[in-house]
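Enquirer: Each chain, letter by letter, is given below.
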Amino acid sequence: MKTCSRFESIGVKIPEKRLPTHEMIKKLNRSAINKFELLTGIKERRICSGGEDSFTLARDAAVHCLSRSRYSVEDLDMILCCSISKFNGGASYQYEPPLSLSIKNAIGAVHAVNFDVTNACAGMLTGVCIADRFIQRGTIRSCMVVSGEFITSLCDHASRSIRTLLSSELASLTVGDAGAAVILERAVEGHEGIHVSNFTTLPRYNHLCTAKLNRKFPGFIMKTKARQIHRAWISESVDYVKIALEKNGLSLDQVDYIIPHQTSRSAIVDGIQHYASTFGVKPKKTVINLKEYGNTASTTHFLALNRFLEEKRFKRGDRLMMLCSASGLIIGVVLFVVDEIVERYERED
Amino acid sequence: MSVKIDRVAVARPWVNLIPEGSIRQTSRAAKRCLRKAGVEAVTLDLLIHVGVYRDEHIVEPAIASLIQRKIRNTFPRKCNSEILDGCGGTFSFDVNNGGCGLLTGIWLVDDFLQSGGIRKAMVVTGDAEPYSKQSEGFGFARAAVAILLSEAEEGWGFVKFQTDTFPEYLDAFESRISWTSWKNKKKDRNVLVVNSKEEYADLCAECATKSMRRFFSEADFNPSDIDLIIPSQSPAGFVSSLRSQYNWGDKIIDAGENRGQFHTAGPGIALEKSWNDGRFNKAHHVLFISVGSGITTALALYRNGLRP
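Protein chains in written order, with our numbering: chain A, 428 to 776; chain B, 1100 to 1407.
Only chain B is shown next, with the shape it has when bound in the complex (with noise of 0.2 Å):
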C-alpha cells in the first residue's frame, strides 16, 4: 500500500490589492479540493498544515486546526474504533520544514496511511506576510494549496521518499522575528527579517543535483524515465537552472511565470498546472523535488496508473 493523490486545488488572492490571510486562502484551497474530489470534510483523518508565514505569526492552536473549523470539519465522526484506533474524528497538526514541508507532509501521510490508522488524508499550506509591510525581505506570493491523499495499490502513487540536508549552507537562507528599531520609528517592533544569499539559488539546484544522484542510484532507476518534473517554484532561477542542467526541457513545470515567488505551495501550483493541463495523469514516472532553508531537499517518485 502507497498514498496517491485524489485532487489538488489552489487559492490565489481574490484582488491583489486586498491581502488575504494565509488561513483564509489555505482554507478556500482545502474547501476547493474537497468540492472538485466530491469529499465530505469530516471523512478526513489526518490534516496537515506545512507552511510558514502565517497571519499574525500564531503559534498556538496549529494553523491545521483554524483551518479544519473554517472547513466545517467540527464534529467528530461516530466512533468506529475497527478502522481508526479509537473515536474517529480528524487528528491535525502543523509541520515546518521550510520550501520541502509539502513533501514532508505526504511523507508523513505515506506513513501514516502504511502503519493503518487512516484512510483519507490532507495536506495544506499557504504563505502570506504576517504583517503587511512589517517585515524586511520578504518576497514570496501569497499562494495556497491543497492535496487530497488516499491510499493507492502497492506500486502505485508515491513509491520513494528521500531527504537530505546540506548543513554548510545552514545560513544561505533565512528568517526570523527580531526585536527591532523599523523604519526609524522611536519604538522598537517586532519585525520579520528574511536573509537570502545571492547565491542561494545556484546552492539549492547544486545540492538538488547531489540529492538527486542518490534517489536515481539507490532506486536503481534511469533518470531519462522520467516523464515529468514537479519542482519547488523558489527560489527564482532555480526551475530554469534544473531544466538547463539536464536538458528537460517542457518536462519540468514551471508555474512561476511572472507571479512572483512561491514559496512552501510552489510544488503544490506546478502540480495542479500539470494536473489542469493533462501532462500529469498522462505521465507514468513523476519526480517531485523540492528545495529549501538549510539546504534542505526532499524528492519523491510518483507512479502514476493509467486513468481513464
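Same shape as in the complex, but just chain A (with noise of 0.2 Å):
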C-alpha cells in the first residue's frame, strides 16, 4: 500500500438556527409532501442567521480544526477553499479575490498558498485529492481543505415554487447550511494513511444536477433529477469501489464503515443495498447524518466523520470508505484508517 497523507485534524461549524421539516412542510401546505421526511430522514436542517454565510461558516470551521491541530496557522502551507457557494457579507456572492485568499487572511495563514477548488458538492474531497497529491510529492508539508456551504436560499425558493413532488426543485429542500475543514500532513512511515483513488468525472449524466443564479430572487436556483442521478451512481459506481478496494487488497465486508455522500436516508439504503447484491458481502455499517443537518453539499463528509469522532463511535483502527457521488457527475472512493485522531476527541472530554 502506498502511503500518503492522513487526516490530522477535523473541524466544523453548524449555524445555531434550526429550521424543521414540518414547519417547512406547513409553510407549503401541499399534503404530498408529508412523505418527504420519510423518504428523506431529515427532519431538520440547520439555517445561517444573525450575519452568517459561506465566508464566516468556513472561517469558523477553520479555527475550529485549528483548535485542535498540532499545527498553528502560521505552519498551514496551502488551504484549498471547496465551497459551491461563496456568500461573502450576507447575500453577496464573491468572485474574486478567491474566498480562500479571504479566508486566509481571516485565520492569518500567512505562509499559506491558496486557490478555491469547486467540484459540486464533491469539491472537499476533489481538495483532499489535490492536497494528498502536493503532499505526496513533498511539495508541501500541510494543508488545509475547508468549505463553507450557505444554500438554505434554494430551499426558501423551492418552498416557494413546488407544487407536486415530481418537481425538479424537490432536492432544494434537503439542503442545509455547514462549515468544514480539515488539515491534511504527510503520514508517518510504517503508518497507514489515505488512499485516494478513481476520482471521474461522467459528463454524460452533468445535466441531471445543475445549480445556476436565480435571476428572480437572491441566490441561486437549483435543477434535479434526482431519481435519474441517483440510478446513474448506483449502477456507474459498482466498477469504481470495486477497483479501489482491490488496489487497497480489500473486500467490501473489511470496511468497518461507509461514508457516503448525504442526500437522503432511502437513496443511501438502497445504494448500499445494491452494492450488497452486487459485491455479495455488504459493509459493516453506513453512516447517515441526515436526521439533524440534511444535505450540506460539500461538507458532508467531514460533517458526518466529525460527529461520528465525537461521539466515540469509531474506534482505533477501523476502516472507513468515503463515497464521492456528485453533480457532474463524479465518482471518487477515499479508503483510510482511523488513527491516533480518535484519542484527541477522548482526550476533549
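Any given hint could turn out to be false.
Stated by the list, open to error - Here are a few chain B residues that face chain A, going by a calculated C-beta distance under 10 Å:
1) K1169
2) G1188
3) G1215
4) R1218
5) E1317
Keep in mind the hints are simulated off the structure, nothing from the lab. Here the structure is a predicted model, which means the values were calculated and not measured. Cβ coordinates follow ideal geometry from the N, Cα and C atoms, glycine included.
Please assemble the complex out of the two chains, which come individually in their own frames, going by the hints.
Expert: Next up, the structure:
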C-alpha cells in the first residue's frame, strides 16, 4: 500500500438556527410532501442567521479545526476553499478575490498558498485529492481543505415554487448550511494514510443536477432529476468501488464504515443494498447523518466524520470508506484507517 | 519528470455582435487544441477549468464537466489500473485563482503528473459576461484558451513555480454578485459588480517585481538569461509597466493590442501569439508572470528543449 497523507484534524461550524422539516411542509401546505420527511430522513436542517454566510462558516470551521490541531496557523502551507456557495457579506456572492484568500487572511495563515476548487458536492474530496498529491510529492507538508455552504436560499425558493413531488426543485428542500475544515499532513512511515482513488467525471450525466444564479430572487436555483442521478451513480460507481478495494487488497465486508454523500436516507439505503447484492457482501455499517443537518453539499462527509468521532462511534483501526458522488457526475473513493485522531477526541472530554 | 506544453489554442468570438457563451467558446478552444495536437479527447486524464466569469453564473456542476461533455469525452476508457490507479477516464474540476488561474492549473497538472496518476492533461479557461448587459464594471474581452500538457524529461518544461499574495491590496480588485437595484428598475435583481481601483495596474506591477526578486534569488537565476516573457494581459498598463521597468523590449509579449483586456485567458493568448510566430520555440528560458486579484502573483520558469 502506498502511504501518502492523513487527516490530522477536523473542525466544523454548524449554525445555531434550526428549520424543522414539518415547519417547511406547513409553510408549503402540500399534503403530498408529507412523505418527504419519511423518504429523506431529514427532520430538520441548520440555517444561517445573524450575519452568517459561506465565508463565516468556512472561517469558523477553519478556526475550530486549528484549535484541535498540532499545527499553528503559521504552519499551514496551503489552503483550498471548496465551497459551491461563496457568499461573503450576506447574499453577496464573491468571485474575486477567491474566497480561500479571504479565509486565509481572516485566520492569519501568512505562509499558505491558496486557491479555490469547485467540483459541486465533491468539492472537499477533490480538495483532499489535490492536497494528497502535493503532500505525497513533498511540495507541501500541511494543507487545510475548507468549505462553508450557505445554500438554504435554495430551500426558500423551492418551498415557494414546488407544487408536486415530481418537481425538479424537490432536492433543494433537503439542503442545510454548515462549514467544515480538515488538515492533511504526511502520514508517518509505517502508518496507513489515506488512499484516494478513481476520481472520475462522467459528463454524460452532468445535466441531471444543475445550479445557477436565480434571476428573480437572491441566491441560486437548483434543478435535479434526483432518481435519474441516483440510478446513474449506483450503476456506474460499482466498478470504481471494486477497483479501489482491489487496489488496497480489501473486500467490501472489510470496510467498517461507509460514509456516502448525504443526500437522502432512501437513496443511501438503496445504494448500499445494490452494493451488497453486487459484491455478495456488505459493509459493516453505513453512516447516515441527515436527521439534524440535511444535505450540506461539499461538507457532508466531514460533518459526518466529525460527528461520529465526537460521539466516539469509531475506534482506532476502523477502516472507513468515503464515497464521492456529485453532480458532474463525479465518482471517487477515499479509503483510510482511523488512527490516533480518535485519542484527541477522547482527550477533549 | 516535469510538465511540458504540447499545444495551445485560442478561441475568440466569431462575430463581435453575437455574444458567445464562455462554455461554448472554451469548448471551441479545447477542440481546436486537441485537433492541432492530433490527440483524442478520451486520452485526457485531467481537465481543469480556471475561468472565473461563466454563463448564467453556473455553480454546479463544475464548468470543466460541461466542457468535457462538449468535447465529446463522454465515455471512460477501458479500465487500466496499472497506469491510472483504477478506472481510467477524465477527472475534471474547476479552480479559481483569479488572473493567476492558468498558472495554478498548470501547477496542479505538474503535481498530478509527478505523483504518478496521470499522463496527459488540459487546462482550459474562458471568461464572458455571464448575462449580457447585467453587470457593472465588467470590462474583459471574450476569449478562451486551452493548453495541452504532458510529461517532459527532467529539467525541461516547467521547472519552477511560485505563488505570492499581497493581502494589503485585497480590495484593489473585487467582483461579486449582489442583490441590488439596477438601472432604476422597480425590482431588485442579481447584478455582477466589478470594482477595480485606479492604481490597480501599478500595484500589480509592484507586486510582480517583488515576487520576481524572490523567484530569481531562490532559483539562483539571472533575469538577463530570460529569452521570453509571457505575462498576464490585464490590467491595462501592466505589460507596458513591466516592459519599461525592465527594459525587456520585444522579449515581453503584448497580445492585448486593441482587442480589450483578456482576463484569465491572457497568458494563454500571449503564449499562442509567441507560439505562432516561432518565438516560443526559439526561446530557451521562458518566464510566465501572472497577476490577479488579492493581489496574487504566480510565476513559472519554462525551459525549452530544442525542437526539430
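Enquirer: Need the list of violated hint numbers for this structure, in ascending order.
Expert: Hints 4 and 5 are the ones this structure does not satisfy, whereas the remaining hints hold.
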